[in-house]
Amino acid sequence: PNCIILAISPANQDIATSDAIKLARDVDPSGERTFGVLTKLDLMDKGTNAVDVLEGRAYRLQQPWVGIVNRSQADINKNVDMILARRKEREYFETSPDYGHLASRMGSEYLAKLLSEHLELVIRQRIPSIIALINKTIDELNAELDRIGRPIATDGGAQLYMILELCRAFDRVFKEHLDGGRPGGDRIFGVFDNQLPAALKKLPFDRYLSLKNVQKVVTEADGYQPHLIAPEQGYRRLIDGAISYFKGPAEASVDAVMFLLLL
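Numbering (the numbering used here), first residue to last: 18 to 280.
If you are wondering where the hints come from, they were derived from the structure by calculation, not from laboratory data.
We put the CB at the ideal spot given by N, CA and C, even for glycine.
Wrong hints could be hidden among the right ones.
Taking lysine to aspartate or glutamate pairs in the EDC-like style, the calculated list, with each CA pair at most 16 Å apart, reads [said to hold, decoys possible]: (1) Lys57 with Asp31; (2) Lys39 with Glu49; (3) Lys105 with Asp59; (4) Lys233 with Asp223; (5) Lys192 with Asp172; (6) Lys57 with Asp115; (7) Lys233 with Asp257; (8) Lys57 with Asp92; (9) Lys63 with Asp115; (10) Lys105 with Glu126; (11) Lys192 with Asp203; (12) Lys233 with Glu249.
Here are the computed distance ranges between Cβ atoms for each label pair [what the hints assert, rightly or not]: (13) Leu177 with Ile256: 28 to 38 Å; (14) Leu177 with Val231: 49 to 59 Å; (15) Asp156 with Ile256: 45 to 55 Å; (16) Ser121 with Pro46: 26 to 36 Å; (17) Glu157 with Gly117: 51 to 61 Å; (18) Ile165 with Tyr225: 44 to 54 Å; (19) Gln142 with Ile93: 33 to 43 Å; (20) Pro46 with Leu183: 51 to 61 Å; (21) Phe276 with Arg224: 28 to 38 Å; (22) Ala215 with Ala238: 25 to 35 Å.
With the sequences and hints as input, model every part of the structure.
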């Protein structure tokens with residue numbers, strides 16, 4: 018537990034029966050995190066005081082007891098502001114015959130300073146474990162994101178960046194295979210040196226580029242406007258048709274390389 022406990026009890030009641038002290042003792046038996054605060058010191062019966070409590074003799078805590086004097090209902094009705102209320106509080110402790118020797122350790126301002134210093138100390142002690150917890154949580158979340166997949170970008174620029182990153186990653190792995198950094202580079206080379214050329218040699222280019230077929234393609238490309246010099250449209254159609262023959266062997270080579278990369 019990292020929280021600070023303020024066990025606030027009125028000074029004009031028996032501290033032994035304080036509900037705040039009982040609850041604090043239940044959750045903080047050692048008293049390490051508990052600060053005792055006594056209110057209504059100015060409302061105690063004449064002839065009595067809370068010095069034993071404030072000096073830790075009546076009920077000992079590891080942290081000091083602090084007495085405070087808040088605005089009375091009359092002060093609130095008169096709209097006494099907090100600045101004036103704090104000044105009256107300081108004057109009360111400084112001029113009190115019972116608490117004068119404790120004045121430097123009493124009051125709301127001292128309580129705020131005490132809590133700030135303790136909070137700073139706790140934060141310094143907890144920072145290493147907090148950083149470790151944050152880093153562990155980040156690692157766990159990143160691992161979960163990797164498992165379920167990163168969000169798909171909807172912005173055109175982000176999509177282009179993602180594609181380029183994937184291409185760079187593929188290029189790096191592919192280069193490692195070819196350079197011998199990973200096993201399988203020789204087999205990838207074999208795909209392009211043996212498998213792809215063998216598949217290309219089986220393509221029916223002799224039939225596709227026969228004089229009869231070339232004439233047919235050129236004539237169909239010219240349509241109702243025969244060419245005057247070079248049959249450019251016919252050539253383009255012949256090239257497009259020839260490229261379509263390469264699609265099957267090229268895709269088969271890509272599949273073969275991908276299989277080798279995934280081994």
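So, going through the hints one by one against the coordinates:
no. : hint                           : result
1   : Lys57 with Asp31               : holds, 13 Å
2   : Lys39 with Glu49               : holds, 15 Å
3   : Lys105 with Asp59              : holds, 12 Å
4   : Lys233 with Asp223             : holds, 15 Å
5   : Lys192 with Asp172             : violated, 30 Å
6   : Lys57 with Asp115              : holds, 14 Å
7   : Lys233 with Asp257             : holds, 15 Å
8   : Lys57 with Asp92               : holds, 14 Å
9   : Lys63 with Asp115              : holds, 11 Å
10  : Lys105 with Glu126             : holds, 12 Å
11  : Lys192 with Asp203             : holds, 12 Å
12  : Lys233 with Glu249             : holds, 14 Å
13  : Leu177 with Ile256: 28 to 38 Å : holds, 29 Å
14  : Leu177 with Val231: 49 to 59 Å : violated, 41 Å
15  : Asp156 with Ile256: 45 to 55 Å : holds, 54 Å
16  : Ser121 with Pro46: 26 to 36 Å  : holds, 30 Å
17  : Glu157 with Gly117: 51 to 61 Å : holds, 57 Å
18  : Ile165 with Tyr225: 44 to 54 Å : holds, 49 Å
19  : Gln142 with Ile93: 33 to 43 Å  : holds, 39 Å
20  : Pro46 with Leu183: 51 to 61 Å  : holds, 58 Å
21  : Phe276 with Arg224: 28 to 38 Å : holds, 32 Å
22  : Ala215 with Ala238: 25 to 35 Å : holds, 32 Å
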